[in-house]
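Asks: Use the sequences and the hints to build the structure in full.
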Amino acid sequence: MTLLEPEVESDAGRPADGRRGHAGSGHGSARGRVLGVAQWVALGVIGVLLVAAVLPGLLAPGDPLAIDPAQAFLSPRWGHPFGTDESGRDIYTRVVHGAAPSLVIGVAATGIGIALALVLGLAAALGGRVVDFGVSRFLEVLFAFPGLLLALLVITVYGPGVVTSTIAVGLATAPGYARIIRSQARAVAGAPYVEAAVVLGRSRARILGRHILPNALLPVFVLVTLGIGQAIVWAAALSYLGLGAEPPTAEWGAMLFAGKNYLATAWWMTFFPGLAIVVAAAATTVLGRALQKRGAR
Amino acid sequence: MNDAPLVRVENLRVGFGAPGGPAVVDGVSFELHAGRTVALVGESGSGKSVTARSLVGLVGAGSWVAAGALDVGGASVLGPADRGGRTRGPSAAAWRRIRGRQIGLVLQDALVSLDPLRPIEREIGDALRLNTPLSAAARRTRVLELLEAVGMPEPAERMRQRSGELSGGLRQRALIASAIAADPPVLIADEPTTALDSTVQARILELLESITARGTALLFISHDLAVVSRLADEVLVMRGGRVVESGPTEAVLGDPQHEYTRALVRAVPTGVARGIRLSAPRPAAAMPPPASASNQDSRETAPESAHDDPSRQRVVLDVRGVSKRFARRMAVDDVSLQVPRGGTLGVVGQSGSGKTTLARIILGLTPPDAGSVLLEGGAWVPAPERVRRPRRPRLGAVYQDALSSFDPRLTVGQILADAAGDRSRVTELLDDVGLAGQVADARPLDLSGGQRQRVSIARALAPRPGLIICDEPVSALDVTIQAQVLDLFDELQERHGLSYLFISHDLGVIQHMSDTIAVMHDGRVVEQGSAAEVFSNPQSPYTQSLLAAAPRLGRSA
Numbered sequence: 002m003t004l005l006e007p008e009v010e011s012d013a014g015r016p017a018d019g020r021r022g023h024a025g026s027g028h029g030s031a032r033g034r035v036l037g038v039a040q041w042v043a044l045g046v047i048g049v050l051l052v053a054a055v056l057p058g059l060l061a062p063g064d065p066l067a068i069d070p071a072q073a074f075l076s077p078r079w080g081h082p083f084g085t086d087e088s089g090r091d092i093y094t095r096v097v098h099g100a101a102p103s104l105v106i107g108v109a110a111t112g113i114g115i116a117l118a119l120v121l122g123l124a125a126a127l128g129g130r131v132v133d134f135g136v137s138r139f140l141e142v143l144f145a146f147p148g149l150l151l152a153l154l155v156i157t158v159y160g161p162g163v164v165t166s167t168i169a170v171g172l173a174t175a176p177g178y179a180r181i182i183r184s185q186a187r188a189v190a191g192a193p194y195v196e197a198a199v200v201l202g203r204s205r206a207r208i209l210g211r212h213i214l215p216n217a218l219l220p221v222f223v224l225v226t227l228g229i230g231q232a233i234v235w236a237a238a239l240s241y242l243g244l245g246a247e248p249p250t251a252e253w254g255a256m257l258f259a260g261k262n263y264l265a266t267a268w269w270m271t272f273f274p275g276l277a278i279v280v281a282a283a284a285t286t287v288l289g290r291a292l293q294k295r296g297a298r
Numbered sequence: 003m004n005d006a007p008l009v010r011v012e013n014l015r016v017g018f019g020a021p022g023g024p025a026v027v028d029g030v031s032f033e034l035h036a037g038r039t040v041a042l043v044g045e046s047g048s049g050k051s052v053t054a055r056s057l058v059g060l061v062g063a064g065s066w067v068a069a070g071a072l073d074v075g076g077a078s079v080l081g082p083a084d085r086g087g088r089t090r091g092p093s094a095a096a097w098r099r100i101r102g103r104q105i106g107l108v109l110q111d112a113l114v115s116l117d118p119l120r121p122i123e124r125e126i127g128d129a130l131r132l133n134t135p136l137s138a139a140a141r142r143t144r145v146l147e148l149l150e151a152v153g154m155p156e157p158a159e160r161m162r163q164r165s166g167e168l169s170g171g172l173r174q175r176a177l178i179a180s181a182i183a184a185d186p187p188v189l190i191a192d193e194p195t196t197a198l199d200s201t202v203q204a205r206i207l208e209l210l211e212s213i214t215a216r217g218t219a220l221l222f223i224s225h226d227l228a229v230v231s232r233l234a235d236e237v238l239v240m241r242g243g244r245v246v247e248s249g250p251t252e253a254v255l256g257d258p259q260h261e262y263t264r265a266l267v268r269a270v271p272t273g274v275a276r277g278i279r280l281s282a283p284r285p286a287a288a289m290p291p292p293a294s295a296s297n298q299d300s301r302e303t304a305p306e307s308a309h310d311d312p313s314r315q316r317v318v319l320d321v322r323g324v325s326k327r328f329a330r331r332m333a334v335d336d337v338s339l340q341v342p343r344g345g346t347l348g349v350v351g352q353s354g355s356g357k358t359t360l361a362r363i364i365l366g367l368t369p370p371d372a373g374s375v376l377l378e379g380g381a382w383v384p385a386p387e388r389v390r391r392p393r394r395p396r397l398g399a400v401y402q403d404a405l406s407s408f409d410p411r412l413t414v415g416q417i418l419a420d421a422a423g424d425r426s427r428v429t430e431l432l433d434d435v436g437l438a439g440q441v442a443d444a445r446p447l448d449l450s451g452g453q454r455q456r457v458s459i460a461r462a463l464a465p466r467p468g469l470i471i472c473d474e475p476v477s478a479l480d481v482t483i484q485a486q487v488l489d490l491f492d493e494l495q496e497r498h499g500l501s502y503l504f505i506s507h508d509l510g511v512i513q514h515m516s517d518t519i520a521v522m523h524d525g526r527v528v529e530q531g532s533a534a535e536v537f538s539n540p541q542s543p544y545t546q547s548l549l550a551a552a553p554r555l556g557r558s559a
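From first to last, the protein sequence lines stand for chains X and R. Residue numbers for the first sequence follow the working numbering, beginning at 2 and rising by one. Residue numbers for the second sequence follow the working numbering, beginning at 3 and rising by one.
Derived by calculation from the structure, the hints in this document are not laboratory data. A quick note: this is a predicted structure, and the numbers were derived from the prediction, not measured. Don't be surprised by glycine CBs; every beta carbon is placed ideally from N, CA and C. Errors might be hidden in some of the hints.
Derived, one-sided and incomplete: chain R residues facing chain X with beta-carbon distance under 10 Å [stated by the list, open to error]:
| id | residue |
| --- | --- |
| 1 | Val267 |
| 2 | Phe408 |
| 3 | Pro410 |
Replies: Put into structure tokens, the structure is as follows:
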């Protein structure tokens, strides 16, 4: 009898007007509702990450590559809040400076994925039956491989490195986006308001630009926010496997890779870069979810 | 029949949220007696369904029910109030004994009320299994009897079918069969015929009449006064959770005392002559305000100078022998129609008669297999869209579902500016359809159904068309709102010299709106003529059956 149970608690992101199922239309005022605590924290984290990526010197004035063997394997302490690694480099400085490459890889990979998906998805949705058939079968083949495996395949062919791993992650995420874009665009292209625009005498190009693309793509850009978190994790995973950024570059995945040999003795070498990955991924995901809920209204 | 009521409701109050807070049903009282029908009438949100559901404990989560008395079969289903004032009704198990055994419930949409994966024999058999001690074999016989009783054709075959394989009318019969399976003394029917075509509706109403004739008490919920006047002994008119008027059906509907009941009765278009208002006149609309008066001049002159020849054509739209086949069915079969300038052609037919396909062909959205359409004397269909596009502004359209016809990202102002190609005309267009200027900033989602349809009409008017195709423009609206929108169509026709092709399944609406009428059946026009002729002296047997099936409101004077 779950249907009859009263709703106990609404989660942080829920709007206050929990009765829109009843009265039907929400009021205009509900549109500009305030963000919940989790969303504000996520925004704050992303703000800090952006500062770290653009002006790392502001948060950590030191040199992430400066070696000081006398200071090797120091546990977290005053002066080295995250400890030091096997060469005496300050982990905190490296985590801060690692934000840029990690975020750039995440954002660039998602960008590549979306760009590819846009071409494939829109071609399939709007290009007629033959194109749709071809693209859809191609996407199904890509779907047969787990995403990370596809990325590994690309790296195997084109060799490891930051650029290839970014492209690889982008390629691996493209089929998922493409499928969503295709179904969105198809639904919108058949929507009554598109027909209404035809009846008003609008040209195909104008209908495409004013109605179909915005309505089909807005929900996708919400997914992109969610995707960036995933792309950061994947890029870090590739670096960890030694296929992306290579030590001693200050990149979170590469730092994990370097720290794994000392896991038993120097936990902070892996813990803090790992924490950064989790926090970055979580923050973008929380924000993406909030946008998604808002968009669903 | 003895005098003890089967159901007694006294001062019923139902609300959602904190007990004692605002009530959605406030102070409703009635009694159900064997063999008698009580109708709850009202528009959406009036609280009629909530009232009915409180009798079977299905009001829903977070609700509270309070009443002076709420008795089913002589026993109260209202528990003592707890500390918070929230009443604890019977236990879930006790409610289950009431549902089906004492009160049967028939809902509007049989498609979602029946499990799509189970044959209807199992659906109806369940009602018997839970409420009667019959054996499996006896149940089977009883299901057959029930299906025969509700007039299901070929019951033995039908009982093996699933709800999706049945038509709307047959599904509703199956649902009624399951509701009366355990022979409950009380039956609640919540808008049981709203989704059905009028001929099917007539048969379901006959079925309900025969059930009450056997001694069942019926609580009938409907927004349709004509249906109610045919079925009910007693009527409660509800508005905003309160009963505004109640009494014997003939008295309430024949000589309504309350202003709202009068508005409801007046809003029914059936039998109201063309041009007579259905709603109370809006002060602003009775006399066109100066803004639209000046605009009227520009409208009169602008199209004429731009399209000198076409506007002198006597026939605005000429449909010649249009046919369209979908798979193996002829959706539209050799249809020829003409819309006179400044007049209204009503196209009436039941679902599946090809009305909407015809509208799509005329709008140039679906290419026909054969035949042609001329708009203002010029070739329109078949023609390449590129040729049609420059003349598109001459032809407007108003759709049944206004909301889905608007781009959800745009505000009303953006929609209208887009359609008019001129931002400065938004206020004037809103004014023309009786909406305040502030509506421009709203999104259609935030408007009521009637307001949305007005915006949709304003959009159709924006390019200054000569003809508007209206496809079921009022069928999703409450009756008083429908009356206002129909009146608006009339006003605009007069003000701008518009021609309409008006499509509806509702004979009353068509009769009220049309100069000439075409009756469609299975893709063909079976009868065509002036509105007066078709309604007073129908020639085709189909039109005759359609007219006979339409419930009419006994109108005094």
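Asks: With reference to the structure, classify each hint as holding or not holding.
Replies: To see whether the hints hold, each was checked on the structure:
1. Val267: 27 Å, violated
2. Phe408: This hint holds: phenylalanine 408/R lies near chain X, its Cβ roughly 6 Å from the closest one there, short of 10 Å.
3. Pro410: Hint holds; proline 410/R Cβ to chain X Cβ min 7 Å, cut 10 Å.
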